[in-house]
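Asks: What follows is the residue order along each chain.
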Amino acid sequence: MNGTQKATKSDNPFLPEPARIVRTYPLTEDVNFFQIRIADMEKALGFSYQTGQFAMMTVLGAGEAPFSISSTPSRPGLLEFCIRKAGTVTNALFNLKENDLVGLRGPYGTGFPVDKMQGKDIIIVMGGLGAAPLRSVLLYCLDNRDQFGRVILLHGAKRPAEMLFLEEQLELKGRDDLECHLTVDSDDTGQWTEGTGVVTTLFPKLEGIDPENTFGLVCGPPIMYKFVLQEFLKLDIPKDQILMTLERRMKCGVGKCGHCAIDYIYTCLDGPVFSYWDVIHMRELI
Amino acid sequence: MKIVKMKRENLSSFLEAISREAELWAPVKKGVDTHAFQVVKDFSEIDLNYTRTILPPRKILVPSRFNMFQATKTEYTPDFSHVSNKIIFGIHPCDISGLLTMDKFYSYAIEDPYYLESRKKAMILGHSCWPDEHCLCKSTNTHIVEEGYDLFFTDLKDFYLVWIGSTQGDDLIRLVPDLFEGEIADQDIQRFMQWREDRDKAYSSEINFVAMADLMELRYNDPVWAKLGEACLACGSCTNVCPTCNCYNVEDRPVLGAEHSNISRCWDACTLENYSGVAGGENFREKRADRLKLWYTHKLQAYISKYGKPACVGCGRCIATCPVDINIKTVSDSLDGANPDAFWNRLSQEVTK
Chain A
1 MNGTQKATKS
11 DNPFLPEPAR
21 IVRTYPLTED
31 VNFFQIRIAD
41 MEKALGFSYQ
51 TGQFAMMTVL
61 GAGEAPFSIS
71 STPSRPGLLE
81 FCIRKAGTVT
91 NALFNLKEND
101 LVGLRGPYGT
111 GFPVDKMQGK
121 DIIIVMGGLG
131 AAPLRSVLLY
141 CLDNRDQFGR
151 VILLHGAKRP
161 AEMLFLEEQL
171 ELKGRDDLEC
181 HLTVDSDDTG
191 QWTEGTGVVT
201 TLFPKLEGID
211 PENTFGLVCG
221 PPIMYKFVLQ
231 EFLKLDIPKD
241 QILMTLERRM
251 KCGVGKCGHC
261 AIDYIYTCLD
271 GPVFSYWDVI
281 HMRELI
Chain B
287 MKIVKMKREN
297 LSSFLEAISR
307 EAELWAPVKK
317 GVDTHAFQVV
327 KDFSEIDLNY
337 TRTILPPRKI
347 LVPSRFNMFQ
357 ATKTEYTPDF
367 SHVSNKIIFG
377 IHPCDISGLL
387 TMDKFYSYAI
397 EDPYYLESRK
407 KAMILGHSCW
417 PDEHCLCKST
427 NTHIVEEGYD
437 LFFTDLKDFY
447 LVWIGSTQGD
457 DLIRLVPDLF
467 EGEIADQDIQ
477 RFMQWREDRD
487 KAYSSEINFV
497 AMADLMELRY
507 NDPVWAKLGE
517 ACLACGSCTN
527 VCPTCNCYNV
537 EDRPVLGAEH
547 SNISRCWDAC
557 TLENYSGVAG
567 GENFREKRAD
577 RLKLWYTHKL
587 QAYISKYGKP
597 ACVGCGRCIA
607 TCPVDINIKT
617 VSDSLDGANP
627 DAFWNRLSQE
637 VTK
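The listed protein sequences correspond, in order, to chains A and B.
Just so we're aligned, residue 1 is where the first sequence starts under my numbering, counting upward by one.
Just so we're aligned, residue 287 is where the second sequence starts under my numbering, counting upward by one.
Hints may contain errors.
As the list claims (entries may be wrong) - Simulated coverage check for chain A against chain B, where a stretch passes if three residues somewhere in it have a Cβ under 8 angstroms from a Cβ of chain B:
(1) 13-20
(2) 63-71
(3) 84-90
(4) 246-252
(5) 255-264
Simulated from the structure, these hints should not be mistaken for lab results.
Positions of the beta carbon are idealized from the N, C-alpha and C atoms, including for glycine.
Model the full assembly from the supplied sequences, consistent with the hints where possible.
Replies: If you want it as structure tokens, here you go:
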């Protein structure tokens with residue numbers, strides 16, 4: 001044949017790496033936390049990724065699915081995921097125990113541009129499972145605290161019992177170098193001491209935002225983007241400094257299976273991190 | 287590129303010789319006017335007098351289902367059993383263009399060895415064709431190919447002119463050099479030029495292909511999409527028969543009575559309902575109109591930004607296949623204003639018949 005293809009059988013981008021569940025425990029009723037380590041120690045330490053990227057995880061006999069990485073690359077070796085029991089793969093995954101094996105490949109997609117974000121103020125807005133990818137960049141900022149200006153976290157959930165990483169974030173509230181605001185749509189416990197209302201009700205709490213010097217990051221359920229993006233725009237944050245990470249169906253992670261196509265891009269290659277600028281140019285994005 | 291001549295009666299001797307080198311695939315008649323590529327042992331089965339096969343030849347390289355891995359929890363063993371030495375004889379220019387499009391797609395950014403390994407081992411022996419009323423390859427400029435084949439046979443009745451497109455193609459000719467003549471007489475050249483002229487005139491159908499990328503953008507919110515969505519059956523046929531469709535799904539099935547799972551790849555179609563559905567119930571393209579728009583945007587516009595040209599090769603399969611007449615011709619005619627109700631007209635005529 002003609003052409004100069006270089007792919008060989010030994011260079012197989014679809015090949016999963018056996019990985020072990022080190023620890024798993026529930027975060028909420030239907031969301032579990034998973035710590036996973038690639039079985040081959042050298043490969044585990046060599047797995048270098050960026051905040052906002054995702055990995056493909058295989059539960060043998062059930063299938064493969066994409067998951068945002070919730071851990072930070074500043075703490076290598078162990079990968080963390082925050083996963084909702086929602087489909088075939090996750091149902092099978094929830095049946096696995098610590099020390100069981102899964103398959104892992106990646107990392108895939110674009111990450112948050114932490115180099116460009118250096119020296120800037122960072123507002124992180126998470127809702128629901130949006131905490132999964134954004135926890136990565138939050139921890140990264142905190143681990144490299146001197147590289148960033150103000151770090152602000154706005155986190156919304158439906159009920160206190162549904163707030164992911166609640167304990168971790170209540171603990172973080174004690175830090176004086178993080179502005180952490182939590183809210184729930186409604187408090188059904190009577191013991192909630194944080195805010196009440198949707199996540200956008202937290203924006204008036206923000207004071208002295210210097211928009212040119214600020215990055216706004218958002219991830220959450222599809223309905224949330226529109227409203228949070230409006231808040232960012234009201235603050236006059238430049239469009240290329242408003243970043244979001246999006247969910248789509250992905251079966252391959254490498255731009256071949258087609259499922260995550262939007263317009264001329266593939267979410268798995270050209271995303272999942274997009275800027276508001278991209279949203280203006282691609283109609284189906286949000 | 288070297289061109290040689292072969293007498294028509296030498297074809298079966300040539301096929302005989304090359305079929306010893308690799309598995310020979312060629313078009314075979316399947317129904318009244320349907321053809322399919324299949325492995326041929328008996329050369330009399332080959333029917334070169336065909337317009338288009340039901341499925342495009344990509345099915346030979348990436349079958350509708352094949353195994354990617356045999357896997358246990360500790361080991362994922364890649365399975366390349368779909369890859370073997372093949373000679374595909376009788377491919378038309380549009381389908382060769384389709385393979386060239388696939389080559390670019392599967393090589394882009396991250397290379398896909400499951401396609402590329404298969405492609406490397408396949409020799410492409412093209413064959414000339416004559417258009418019917420659905421052929422749009424002149425509009426898409428894929429009616430003549432200058433690359434993408436090892437040999438290309440132009441049928442000039444009692445002889446063929448054979449283009450040698452690669453050294454591997456040349457090797458095939460060298461297996462039986464006596465079957466070919468290097469000298470091409472002036473009258474043969476004149477016959478070829480006449481054939482080209484006659485064939486160019488034989489096209490009865492055309493689309494405003496060049497304008498399509500802009501029209502997709504300009505008519506993004508046009509009501510025609512809602513009408514197309516209303517008529518679409520979401521059956522996935524247009525994608526299955528398209529030479530440049532590549533979408534697939536992955537299935538992981540435990541093998542009964544064994545310790546391993548088979549992880550296999552099977553064709554998928556963006557026009558099917560759950561194509562963009564994710565776990566938890568969200569479906570990013572629940573509406574048929576949105577899925578059709580994705581298909582046509584991807585073919586006619588999106589491909590240009592990454593691969594330099596659109597993905598339609600004008601083979602006419604979607605026209606011959608779609609049960610409700612949503613196809614490249616009717617969509618183009620609707621979008622460019624030539625016939626705003628193109629698909630709807632024919633559909634209502636057929637329903638009222």
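Asks: Give a verdict on every hint.
Replies: Checked hints:
1. Here's how the stretch 13-20 of chain A fares: 5 of its residues keep a CB closer than 8 angstroms to some CB of chain B, so the rule of at least three is met and the hint holds.
2. Taking a C-beta to C-beta cut-off of 8 angstroms, the stretch 63-71 of chain A contributes 3 residues in contact with chain B, enough for the three needed, and the coverage statement holds.
3. Check result for the stretch 84-90 of chain A against chain B: holds, 6 residues qualifying (beta carbon to beta carbon below 8 angstroms, three or more required).
4. Beta-carbon proximity to chain B at under 8 angstroms applies to 5 residues in the stretch 246-252 of chain A; the threshold of 3 is reached and the given coverage holds.
5. Using a Cβ-Cβ cut-off of 8 angstroms, 8 residues of the stretch 255-264 of chain A lie near chain B, which meets the minimum of three, so the contact claim holds.
Comparing the model with each numbered hint stated earlier shows that all of them hold.
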